[in-house]
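**Student:** Residue-level listing of the chains:
Protein chains: 2
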Amino acid sequence: MAEIIIGEVPGLTEGMIFETRIALTKAGGHRVTQQGIDGNKKDGAASIVLSGGYPDDLDSGDYLVYTGQGGQLNQKQVKDQSFETFGNKALLTSQLHGNPVRVFRGIRKESDKNRNVYQYGGLYSVTGSSHETGIEGFEMCRFILEKVKPLEAIALIPSISLSAGNEETRRANTTTLRIVRDTKLSKQIKTLYNYTCQVCGIRISENTVGYAEAAHIRPLGSYHKGFDVPSNIICLCPNHHVMFDLGIFSINSDLTLKGISGSLNQHSKHILSTESLAYHLKHIYKPK
Amino acid sequence: MAEIIIGEVPGLTEGMIFETRIALTKAGGHRVTQQGIDGNKKDGAASIVLSGGYPDDLDSGDYLVYTGQGGQLNQKQVKDQSFETFGNKALLTSQLHGNPVRVFRGIRKESDKNRNVYQYGGLYSVTGSSHETGIEGFEMCRFILEKVKPLEAIALIPSISLSAGNEETRRANTTTLRIVRDTKLSKQIKTLYNYTCQVCGIRISENTVGYAEAAHIRPLGSYHKGFDVPSNIICLCPNHHVMFDLGIFSINSDLTLKGISGSLNQHSKHILSTESLAYHLKHIYKPK
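First to last, the sequence lines map onto chains G and X. Everything in the first sequence is counted per my numbering, starting at 1 for the first residue and increasing by one. Everything in the second sequence is counted per my numbering, starting at 1 for the first residue and increasing by one.
Accuracy of the hints is not assured; some may be wrong.
Stated by the list, open to error - Chain G is faced by these chain X residues, among others (derived, beta-carbon under 10 Å): (1) L96; (2) T133; (3) I202; (4) E206; (5) N239; (6) H240; (7) M243.
Unchecked claim - Where chain X lies over chain G, by a calculated footprint (3+ residues, C-beta under 8 Å): (8) 24–30; (9) 67–73; (10) 105–119; (11) 234–241; (12) 258–271; (13) 274–286.
Keep in mind the hints are simulated off the structure, nothing from the lab. This one's a predicted model, so the numbers in the text were calculated from it and none came from an experiment. No residue lacks a Cβ here, since even glycine has one placed at the ideal position from N, Cα and C.
Could you build all of it, start to finish, from the sequences and the hints given here?
**Tutor:** Here it is, written out as structure tokens:
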């Protein structure tokens, strides 16, 4: 089997149609010809195929509810599903790691009602996972997937925040506190630390798959001008990420912490930029 | 002074021009006629006026770098600024609480080069705070503010995530792990608990201003259909928010925790929905 590719695949563009599952596999879109989920627990799910096999599935374009894998015999549900099944595990990893998933839709052929063609629907994020008793009486795993927007749309929304301080003008009622973005390098650093916080050693995990956040020491962006390089990235739990970005604590050049006690745990393969550390200490840290 | 209004003010629309600071105050846009920042530490900054008074300020429309308050005498910088000054504290609160800030721009009049008119630029989020030595040699407080987009733009982007798994197609290199949104009710619950996590008792704070996240027990959205009501909201630290949403732990009806040890701290004025608790336990929690 070809190496797993998470995200975009060269040559594959949204809307493209494949006549068969084998053609889809050959194009590198979805490496397995039978199963609905292609992926593994470590890397996450690379792709899924929506084929209408589950009566509770929902597809409203940008928002999908996808039923996980398992428990079917001759296309009939005969037992409970579990998050332990490899495909469901893979989708959980995608949720924890923020990996995009390619979505293909099976569409019934006009000329032959017994055959599907497969259309590429683009990249989706796994934004939720839950389980419930399905209409056939068995426990089913469900995943919510939401369409990933093109970069242009993201660039338009550097930080979203809408709120209303008074009742009359409650046009919008949500405020965004924070958006956690990851770069490809972020993932490498998080993997190096096995999703363990370099400050407190906490490792948040669901079924051994870790969740952590990558923090840029010298912030990215046109004002602070930090670089997206490993020497400018550390792996933190959400709490220490918030505190680091707010300047509640900082890191001295000897890796002891300033503002809180302790010191940063550093992997021997990971060298931090002294310039970045000095920048955070001087500019972001707020002395008490 | 009129009561502080955070967010939109009735009758004030983007692009509106005011001839004087007094006219701006009368319209309820900015309650103070001299200072650049209107607000307080508790509620955050309601509004700021960009008047070009600081040479390091930057205004590229949707992205501003705003210099804080203090240290000027006769419009000349004579000493360091501090995050302790009330206006700077207010902007820090806006950053921690995710409150929007109204922005007004002073524009030199064509007919009278010594006078400004003031134009309403809309709502901005404080997305960063830092300090640095300014061009006059004194320490200056800086705030990054980014334009709040209309609700329509938000609705378009339920969850943003772009990533590339291979080098050739690195068109986009960021992945969104999670977006933390707040509703108006979220803020009430967080205030009730003084920004303290109901699970672990941690209170993240910068200069006594708290940071916490509101978690909906039964998730909002078209699939889970939870309500945005106080009985469906709890106040958590970022770590426990992530873990709760992923179903790593849940809450029994007697408020003991499931999946991790301990029990939920509940305020006497805050009654949780037993239906919501049962929903999370049944559908979101992933039994070990």
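**Student:** Evaluate each hint against the coordinates.
**Tutor:** Against the structure, the hints come out as follows:
no.: 1; hint: L96; in the structure: holds, 7 Å
no.: 2; hint: T133; in the structure: holds, 9 Å
no.: 3; hint: I202; in the structure: holds, 7 Å
no.: 4; hint: E206; in the structure: holds, 5 Å
no.: 5; hint: N239; in the structure: holds, 5 Å
no.: 6; hint: H240; in the structure: holds, 9 Å
no.: 7; hint: M243; in the structure: holds, 6 Å
no.: 8; hint: 24–30; in the structure: violated (count 0)
no.: 9; hint: 67–73; in the structure: violated (count 0)
no.: 10; hint: 105–119; in the structure: violated (count 0)
no.: 11; hint: 234–241; in the structure: holds (count 4)
no.: 12; hint: 258–271; in the structure: violated (count 0)
no.: 13; hint: 274–286; in the structure: holds (count 4)
This entry does not satisfy hints 8, 9, 10, 12, going by the numbered hints stated previously.
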